[in-house]
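Novice: Could you put the whole structure together from the sequences, leaning on the hints where they help?
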Amino acid sequence: MGAGHSHSHDHGHVHGHTHSHAPADFGNAFLIGIVLNTAFVVIEATYGWISGSMALIADAGHNLSDVLALLLAWGASVAAKRPASQRFTYGYKSSTILAALANAGLLLVAIGAILFETLHRMAEPAPVQGETMVVVAGIGIAINAGTAALFMRGQDDINIRGAFLHMAADALVSLGVVIAGLAIIWTGARWIDPAVSLVIVAVIGWGTWGLLKDSVAMSMLAVPRGIAESDVRAYLAALPGVETVHDLHIWPMSTTETALTAHLVMPQGHPGDAFLRDVAHDLEHHHRIGHPTIQIETSRADCGAGC
Numbered sequence: 000m001g002a003g004h005s006h007s008h009d010h011g012h013v014h015g016h017t018h019s020h021a022p023a024d025f026g027n028a029f030l031i032g033i034v035l036n037t038a039f040v041v042i043e044a045t046y047g048w049i050s051g052s053m054a055l056i057a058d059a060g061h062n063l064s065d066v067l068a069l070l071l072a073w074g075a076s077v078a079a080k081r082p083a084s085q086r087f088t089y090g091y092k093s094s095t096i097l098a099a100l101a102n103a104g105l106l107l108v109a110i111g112a113i114l115f116e117t118l119h120r121m122a123e124p125a126p127v128q129g130e131t132m133v134v135v136a137g138i139g140i141a142i143n144a145g146t147a148a149l150f151m152r153g154q155d156d157i158n159i160r161g162a163f164l165h166m167a168a169d170a171l172v173s174l175g176v177v178i179a180g181l182a183i184i185w186t187g188a189r190w191i192d193p194a195v196s197l198v199i200v201a202v203i204g205w206g207t208w209g210l211l212k213d214s215v216a217m218s219m220l221a222v223p224r225g226i227a228e229s230d231v232r233a234y235l236a237a238l239p240g241v242e243t244v245h246d247l248h249i250w251p252m253s254t255t256e257t258a259l260t261a262h263l264v265m266p267q268g269h270p271g272d273a274f275l276r277d278v279a280h281d282l283e284h285h286h287r288i289g290h291p292t293i294q295i296e297t298s299r300a301d302c303g304a305g306c
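Residue 196 in numbering that gives the first Met the number 0 sits at position 197 of the sequence shown, with consecutive numbering throughout.
Keep in mind that a hint or two might mislead.
[Unchecked claim] Label pairs and their calculated CB-CB ranges:
1) A122 x N27: 41 to 49 Å
2) L171 x E116: 19 to 27 Å
3) W208 x E116: 32 to 40 Å
4) A236 x A141: 52 to 60 Å
5) V215 x F115: 18 to 26 Å
Hints listed in this document are in silico derivations from the structure and should not be mistaken for laboratory results. Glycine included, each C-beta is placed from N, C-alpha and C at the ideal position.
Specialist: Next comes the structure, spelled out in structure tokens:
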């Protein structure tokens, strides 16, 4: 953490940072997930076409969007580890936010395509081979559940959480296709297949809404989920010697790292570097903010309308 600095206005600054919230290495998980799901997309789409199952084709389309999502998330995770430059002074950390937003967009496109074809099949139900649906979707459950398990430990990172939700939702969707296949075998009803496709669309839409909402909020520099601005403000205001807190800003630098800037009015003067180090430590360990920048001011006049 940098030392405090004095300016002509007797303002003290400190910038503390830590790398403890840097993205974990999920390279192998991404590689395994992409290979397995790409192979399964080919198998599922092929047998969906052969068997006439819209549910299988719908699930294959969703799996294809998952492969693209995994590629985006992996690329963003790699980019986030690149060092800062003179132009990109934060490095490429925010690429993880962009990837999460792009993944939500991909899911919306997949929902539209699946819904269009499903409504067409509802009007003109086609013969379906229930046995094929059950076998292929059963394989899908194993692949998707196994891939989701690879990302279970990264739930604090919305980029990794997006990958996990994609795979976990797919496992549930494949389970739905198995149930639909069994129902078709027992009843012979053609409408069951497109009806299950509608359920698949609903499941994907539900997961997409949460991912879209969180990624849009992060891209607009909203205070990250799990951090309360009021609690941070109250903590800073209660520090010894602090009279006023103003210009408090908290925003995500990436899907795992959070930054803060704040001005503290301390009429008794600069408290010293030890005070600033303690503040940075508390913000990191109690409020999950690893990149704080604190400015000390000794007069209310310096903060203007901010006070």
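Novice: Confirm or reject each hint.
Specialist: Hint-by-hint comparison with the structure:
no., hint, result
1, A122 x N27: 41 to 49 Å, "45 Å, holds"
2, L171 x E116: 19 to 27 Å, "21 Å, holds"
3, W208 x E116: 32 to 40 Å, "22 Å, violated"
4, A236 x A141: 52 to 60 Å, "54 Å, holds"
5, V215 x F115: 18 to 26 Å, "25 Å, holds"
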